[in-house]
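Just need the whole structure built from these sequences, with the hints factored in.
FYI, the numbering for the sequence shown is 4 to 88, going by this note's numbering.
Treat the hints with caution; some may be incorrect.
Label-pair restraints from in silico Cβ distances [as the list claims (entries may be wrong)]:
1) Gly73 x Val35: 44 to 54 Å
2) Gly73 x Phe13: 40 to 50 Å
3) Glu19 x Asn39: 40 to 50 Å
4) Ala6 x Thr62: 19 to 29 Å
5) Phe58 x Phe13: 47 to 57 Å
6) Met4 x Lys76: 24 to 34 Å
These are computed hints drawn from the structure, not numbers from a lab. C-beta atoms are modelled at their ideal positions from N, C-alpha and C, and glycine is treated no differently.
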Amino acid sequence: MVATLLILMFSTGPDEIVEKKAFFGSMVFETVEKDNGALGITAGVDNPVPLILLFLVLTVVLTVIQAIYGGLKQRREQLLDAAGR
Numbered sequence: 004m005v006a007t008l009l010i011l012m013f014s015t016g017p018d019e020i021v022e023k024k025a026f027f028g029s030m031v032f033e034t035v036e037k038d039n040g041a042l043g044i045t046a047g048v049d050n051p052v053p054l055i056l057l058f059l060v061l062t063v064v065l066t067v068i069q070a071i072y073g074g075l076k077q078r079r080e081q082l083l084d085a086a087g088r
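Quick look at the structure:
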């Protein structure tokens with residue numbers, strides 16, 4: 004997510020007034036011109052739901068991979084024991 008915000012920040016020109024969103028609207032980068040002519044910058048999380056869903060999906064996938072690896076390792080040990088090592 005940090006990389007996404009950096010890409011949004013550096014894809015903006017120096018004097019552009021923009022509002023850019025990424026990752027299904029969860030990350031936002033916005034520049035606003037202030038009264039004194041300076042640019043104000045806002046970056047952060049606008050909608051945390053896609054980020055939470057990504058975290059949950061990655062957690063499930065990594066847990067399944069770890070369970071499969073453990074099962075395969077146990078099966079390997081069984082086969083080595085049956086072969087008499």
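The hints, checked one at a time:
1. Gly73 x Val35: 44 to 54 Å: Holds - the Cβ-Cβ distance for glycine 73 and valine 35, about 52 Å, lies within 44 to 54 Å.
2. Gly73 x Phe13: 40 to 50 Å: For glycine 73 and phenylalanine 13 the Cβ distance comes to about 42 Å; the hint holds.
3. Glu19 x Asn39: 40 to 50 Å: violated, 18 Å
4. Ala6 x Thr62: 19 to 29 Å: Holds, at about 20 Å.
5. Phe58 x Phe13: 47 to 57 Å: violated, 25 Å
6. Met4 x Lys76: 24 to 34 Å: Given a distance of about 33 Å, which is inside 24 to 34 Å, the answer is holds.
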